[in-house]
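Chemist: Residue strings, one per chain:
There are 2 protein chains.
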Amino acid sequence: MAETSYTIEPIGVIRSELTNLANAPLQGDEGNYEAWLELTPQAAPGLLGLRIGDDLLVLTWLHLAERDTLQVHPRGNPDNPLMGVFNTRSQDRPNPIGLHRVSVLQIDGQRLKVAPIEAVDGTPIVDIKSVLTEISER
Amino acid sequence: MAETSYTIEPIGVIRSELTNLANAPLQGDEGNYEAWLELTPQAAPGLLGLRIGDDLLVLTWLHLAERDTLQVHPRGNPDNPLMGVFNTRSQDRPNPIGLHRVSVLQIDGQRLKVAPIEAVDGTPIVDIKSVLTEISER
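Residue numbers (this note's numbering), protein chains in the order written: chain X, 16 to 153; chain V, 16 to 153.
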């Protein structure tokens, strides 16, 4: 099982004032940072129908994460018992996909301004999904 | 931007009675299917601390999806206006990552029985994250 690997071709990139991990909050609502999602020209048709105020799930590739980490002390606090990364929201994990729930603040062609999002400038965007009521949380 | 691609190495595979897309519901709670998450031996240490009853987000690679689709009629209904895939939950999209919120029903070594999950048998597992209260939805 799991013999096959798959290739992610980013659909865009995060443009943010956050330029390094030391300044980045651990979760998106701990600072309420805004950022631009800059889509590639190829991916831009996938934005059709989006409107200001829409809620989205943004999936990113946390390119600065450590992929060989399987256990951590949650939130980097050694007082927290060691946990498997799949039981945490640590960014360090074998496939470091970030998950961010945001609202659309502004739309400018193939760019969306969104908040809150804690990803650093240059973080690749993997996917964007609508947030549906009720059913979306499944 | 987005010149670089990234490689997903699956951490495991879905084992389910659902064997083809024709039988699969569009969302996880439209059928309440159970499935086993079978982790690879390499990834299994990442499960440390998980317990029955925990809520998890399971990220899958929807290997049967069409990656060149950018616009769809939501839920395959031509009466729904054409939408960019990033404004939908369509499985067809450039990087077809599935997002499933599940509860842990049973733990057997490196296998977890979970529900509800609509992914078909053989779907690769990309990541597993804990669901935190409040903050988790960000």
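Derived by calculation from the structure, the hints in this document are not laboratory data.
Each hint should be verified, as a subset may be incorrect.
[Claimed, not checked] Ranges between beta-carbon positions, derived for each pair:
{"#": "1", "chain 1": "V", "residue 1": "68", "chain 2": "X", "residue 2": "118", "range": "19 to 27 angstroms"}
{"#": "2", "chain 1": "X", "residue 1": "66", "chain 2": "V", "residue 2": "94", "range": "17 to 25 angstroms"}
{"#": "3", "chain 1": "X", "residue 1": "93", "chain 2": "V", "residue 2": "94", "range": "25 to 33 angstroms"}
{"#": "4", "chain 1": "X", "residue 1": "136", "chain 2": "V", "residue 2": "124", "range": "23 to 31 angstroms"}
{"#": "5", "chain 1": "X", "residue 1": "82", "chain 2": "V", "residue 2": "122", "range": "20 to 28 angstroms"}
{"#": "6", "chain 1": "V", "residue 1": "78", "chain 2": "X", "residue 2": "57", "range": "30 to 38 angstroms"}
{"#": "7", "chain 1": "X", "residue 1": "70", "chain 2": "V", "residue 2": "70", "range": "14 to 22 angstroms"}
{"#": "8", "chain 1": "X", "residue 1": "88", "chain 2": "V", "residue 2": "94", "range": "22 to 30 angstroms"}
{"#": "9", "chain 1": "V", "residue 1": "92", "chain 2": "X", "residue 2": "93", "range": "22 to 30 angstroms"}
{"#": "10", "chain 1": "X", "residue 1": "60", "chain 2": "V", "residue 2": "122", "range": "24 to 32 angstroms"}
Nothing here was measured: the structure is a model prediction, and the numbers come from that model.
Glycine included, each C-beta is placed from N, C-alpha and C at the ideal position.
Chemist: Against the structure shown, which of the earlier numbered hints fail to hold, in ascending order?
Modeler: 1, 3, 4, 6, 8, 9, 10
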